[in-house]
Amino acid sequence: MSFFDGQILVTGANGHIGTNLVHELLAENESVRILVRSGSNTDAFKDLPVEVVRGEVCSQDDFMRATKGIRYVFHLASPTTITPDLPKVIKTGIRNLLGACKKNNVEKVVYTSSAVTIGFSASKKRLMSEEDTDTFIPASPYHVAKYNAEKELLSLSDHLPFSLVTVNPTTVIGRFDSKITPSTMPAHLARKAGLKVWFDSGITVAPVRNVAIGHIQAMKFGKRNNRYILGGENLLIREYFSLINSLNHRKGPFVKLPNILMYGAGAAFSMAQALGYNDVPFDYSRIRALIGKYGFYSSIKATNELGYELGSAESAISDYYTWLNQTER
Numbered sequence: 001m002s003f004f005d006g007q008i009l010v011t012g013a014n015g016h017i018g019t020n021l022v023h024e025l026l027a028e029n030e031s032v033r034i035l036v037r038s039g040s041n042t043d044a045f046k047d048l049p050v051e052v053v054r055g056e057v058c059s060q061d062d063f064m065r066a067t068k069g070i071r072y073v074f075h076l077a078s079p080t081t082i083t084p085d086l087p088k089v090i091k092t093g094i095r096n097l098l099g100a101c102k103k104n105n106v107e108k109v110v111y112t113s114s115a116v117t118i119g120f121s122a123s124k125k126r127l128m129s130e131e132d133t134d135t136f137i138p139a140s141p142y143h144v145a146k147y148n149a150e151k152e153l154l155s156l157s158d159h160l161p162f163s164l165v166t167v168n169p170t171t172v173i174g175r176f177d178s179k180i181t182p183s184t185m186p187a188h189l190a191r192k193a194g195l196k197v198w199f200d201s202g203i204t205v206a207p208v209r210n211v212a213i214g215h216i217q218a219m220k221f222g223k224r225n226n227r228y229i230l231g232g233e234n235l236l237i238r239e240y241f242s243l244i245n246s247l248n249h250r251k252g253p254f255v256k257l258p259n260i261l262m263y264g265a266g267a268a269f270s271m272a273q274a275l276g277y278n279d280v281p282f283d284y285s286r287i288r289a290l291i292g293k294y295g296f297y298s299s300i301k302a303t304n305e306l307g308y309e310l311g312s313a314e315s316a317i318s319d320y321y322t323w324l325n326q327t328e329r
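As numbered in the UniProt record's numbering, the sequence shown has no gaps in its residue numbers, which increase by one up to the final residue, 329.
By construction, these hints were calculated from the structure, which means they are not laboratory data. Check each hint, because a few of them may be wrong.
Stated by the list, open to error - With a straight-line Cα cutoff of 27 Å, these simulated DSSO-like cross-link-like pairs (lysine-lysine) come out:
{"no.": "1", "residue 1": "K68", "residue 2": "K251"}
{"no.": "2", "residue 1": "K196", "residue 2": "K251"}
{"no.": "3", "residue 1": "K108", "residue 2": "K91"}
{"no.": "4", "residue 1": "K251", "residue 2": "K293"}
{"no.": "5", "residue 1": "K301", "residue 2": "K220"}
Could you put the whole structure together from the sequences, leaning on the hints where they help?
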């Protein structure tokens, strides 16, 4: 039996979290419409009972078509390729969506931001929360774009005729992630040769299914103009790499990379980006900002108010490997 009285729109549905969200909504017998970019691959939905609408995040008309007759919107659409105009693209998409939701009488919107808008700490012992406002690091155009989008939402939220809730996922791992990204690259490297080195940093790893369900819980129970961190297990990079190695029956990592070598790698990635290779995992500014910093987050607010369940990093990586093995057969 469905919880929501009306059709649900998921933008960015063919992204990692978006695909999982659609599957979880359908498992709850919800009526789902998805908005995906023109020309994007929708094979993941070919056997699913979803309505497909194609459009662009910078098109007001496309958002108007997509939100017509919709009562609830999950807005996950966001370019991830690092380009100079990324902040402008994301900000324009936010304004277009909110305008369309207002005109089409949408009742509630859940916006998917990122824990990077909260920032990073220089202390391994500090758990950051939704209340932290002084820890943001402008490490890349993507970080800046997400941060500015949240500020834009905050400035507009009191004047919107519908309820707006923001969720901030941490590093997310799990099924339906076909791309090699900074999140999945260690898992791929470990399968081939093991992870031999580590660097000075830390992350919060969350299973993607927990995060997808957390989105639904935010739509059901999230309070207007609030944001919720959807996290998991906090691990130093050395601990994280060791866990991935153990799942591949390997030992290590053995050597800590000096910061200077990490800066060199960042410079090389930035040079590749300048030559037109946009899908680089990091650039110099991002590495410079994050080395020696820790992205450790508390999800206690989401747990208490939404019923969000924390998952382990081991379950996240194991689920990802299971899905990879199934798709590679």
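Broken hints, by number: The structure breaks only hint 1.
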